[in-house]
Amino acid sequence: MAKIIGGIGTSHVPTIGVAYDKGKQQDPAWKPLFDGYKPVAAWLAEKNADVLVFFYNDHCTSFFFDVYPTFALGVGAEFPIADEGAGLRDLPPIRGDVDLQAHIAESLINDEFDLAVFQEKPIDHGCASPLPLLWPHKPDWPGTVVPIAINVLQFPLPTARRCYRLGQAVRRAIESYPKDLRVVVVGTGGLSHQVHGERTGFNNTQWDMEFLDLLQHTPDKLTALRHVDYVRRGGAESVEQIMWLAMRGALGTGPVKRLHQNYYLATTTAMTVALFEEDEAAAALGDPSSMASDQPIFA
Amino acid sequence: MNPQLQGIQNIAGTYIFDLRVSNRSLKLNKFFWSLIDSDARARFVADEETSMKNAQLKEEQKVLIRARDWLGLIQNGANFFALEKFARVVKMSNMQVYAIMRGESFEEFLATRQVPDAR
Numbered sequence: 001m002a003k004i005i006g007g008i009g010t011s012h013v014p015t016i017g018v019a020y021d022k023g024k025q026q027d028p029a030w031k032p033l034f035d036g037y038k039p040v041a042a043w044l045a046e047k048n049a050d051v052l053v054f055f056y057n058d059h060c061t062s063f064f065f066d067v068y069p070t071f072a073l074g075v076g077a078e079f080p081i082a083d084e085g086a087g088l089r090d091l092p093p094i095r096g097d098v099d100l101q102a103h104i105a106e107s108l109i110n111d112e113f114d115l116a117v118f119q120e121k122p123i124d125h126g127c128a129s130p131l132p133l134l135w136p137h138k139p140d141w142p143g144t145v146v147p148i149a150i151n152v153l154q155f156p157l158p159t160a161r162r163c164y165r166l167g168q169a170v171r172r173a174i175e176s177y178p179k180d181l182r183v184v185v186v187g188t189g190g191l192s193h194q195v196h197g198e199r200t201g202f203n204n205t206q207w208d209m210e211f212l213d214l215l216q217h218t219p220d221k222l223t224a225l226r227h228v229d230y231v232r233r234g235g236a237e238s239v240e241q242i243m244w245l246a247m248r249g250a251l252g253t254g255p256v257k258r259l260h261q262n263y264y265l266a267t268t269t270a271m272t273v274a275l276f277e278e279d280e281a282a283a284a285l286g287d288p289s290s291m292a293s294d295q296p297i298f299a
Numbered sequence: 001m002n003p004q005l006q007g008i009q010n011i012a013g014t015y016i017f018d019l020r021v022s023n024r025s026l027k028l029n030k031f032f033w034s035l036i037d038s039d040a041r042a043r044f045v046a047d048e049e050t051s052m053k054n055a056q057l058k059e060e061q062k063v064l065i066r067a068r069d070w071l072g073l074i075q076n077g078a079n080f081f082a083l084e085k086f087a088r089v090v091k092m093s094n095m096q097v098y099a100i101m102r103g104e105s106f107e108e109f110l111a112t113r114q115v116p117d118a119r
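So the sequence lines, in the order shown, correspond to chains A and B.
Under my numbering, the residue at position 47 of the first sequence is numbered 47, and the numbers go up by one with no gaps.
Under my numbering, the residue at position 3 of the second sequence is numbered 3, and the numbers go up by one with no gaps.
Hints in this document: simulated from the structure, not taken from any laboratory.
Fair warning: this is a prediction, and the values are worked out from it, not measured in the lab.
Using N, Cα and C, we set each Cβ at its ideal position, and we do this for glycine too.
Wrong hints could be hidden among the right ones.
Quick list of simulated restraints, FRET-style, between CB atoms [claimed, not checked]:
#: 1; chain 1: A; residue 1: Gly254; chain 2: B; residue 2: Met1; range: 32 to 40 Å
#: 2; chain 1: A; residue 1: Asp180; chain 2: B; residue 2: Gln75; range: 50 to 58 Å
#: 3; chain 1: B; residue 1: Leu26; chain 2: A; residue 2: Asp114; range: 21 to 29 Å
#: 4; chain 1: B; residue 1: Val90; chain 2: A; residue 2: Val67; range: 26 to 34 Å
#: 5; chain 1: B; residue 1: Met92; chain 2: A; residue 2: Gln119; range: 44 to 52 Å
#: 6; chain 1: A; residue 1: Ala41; chain 2: B; residue 2: Arg43; range: 35 to 43 Å
Computed footprint of chain B on chain A, listed as stretches where at least three residues anywhere in the stretch have a Cβ under 8 Å from a Cβ of chain B [unchecked claim]:
#: 7; segment: 59–68
#: 8; segment: 81–88
#: 9; segment: 151–157
#: 10; segment: 163–177
#: 11; segment: 191–201
#: 12; segment: 230–241
#: 13; segment: 265–271
Reference listing, derived: stretches of chain B covered by chain A, where coverage requires no fewer than 3 residues with Cβ under 8 Å from a Cβ of chain A [claimed, not checked]:
#: 14; segment: 4–17
#: 15; segment: 47–60
Using the sequences provided together with the hints, build the complete structure.
Pasting the structure below:
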């Protein structure tokens, strides 16, 4: 049976992709960012992950507002990397496993998660910015991707709770797939940033740290927040962090441990990567610290 | 009012992109979105006015585009992620657009950042 072996939260800032393509891995301004992904890439290689399920958003690239799906799952053996206005990147197409993608779509829809399905659409920086920092791409990617696009651009967005439940439904879908696949779920976006209006450049590191803590220990506190709460605390575009909740939902309701975290607020976005695994030892001990925390939410 | 957004009007300098805004500005955003196509980019660079006319933009929108008025375009209903396609075509970086939206020079904006060289 397929199994979720871990979860990753990662920013998807387009500049990361630009810096990567320009070979700025050793540039002093970028080294702290790229070095922060190395332990995650090493973990993925060591665990031989077969599949990355990416909860990401399209940035008005493959989807336009004439038809803008709340949730859309990609089906295809190949997805090109999108040209977002600056030309094509030197990356191979993202690979997909059609049978697995179709199974997940069937499972989700039979589970009353009626999402849209897309095929032959390019994938933009929502997934393609962090992907080469997680997986090597020469000569080709080592595994396949299940892209699940979430509307975080055009309100009404799905609620934080709905994203969490999507993750739970994806977990049921993966655990009912008969092939032995090692699956990692990835939530993208954030952390604090705003990139429109006079409030552009807003950040809130105190909230970012609290978000990471709540995500690990008490995600129900995050699913109770409204979109306006995310906008106020982390900046307008940080509302996309609801996609991290989809990842967290897919990790199950037991305790999780954070194996690695890197936080680098250089210019406008708090670029963050965090790696989680289910904490089976704590679960066996009935560790109450997992879902019972009482810590106040920073307002 | 969407209950998820209750109180949003009290957050200054923030323009929520909902269905009302999106419907009003659909042609403007569709015009920016079209620029992910390299031929459309070349046509715009060669003849901005014809590109804008073919996109059926309103005069007020054309004025904002001619002026590269980034904040004005946001206030007119541009979605930033559509708008940034236009920024690429006119060779503006997002950081330069951010500075302008804040009403700062590029140097002033960089001085507010922790690692201004990360761009």
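> Can you list which hints this structure breaks, lowest number first?
Replying inline: Per hint list: 5, 10, 15 violated.
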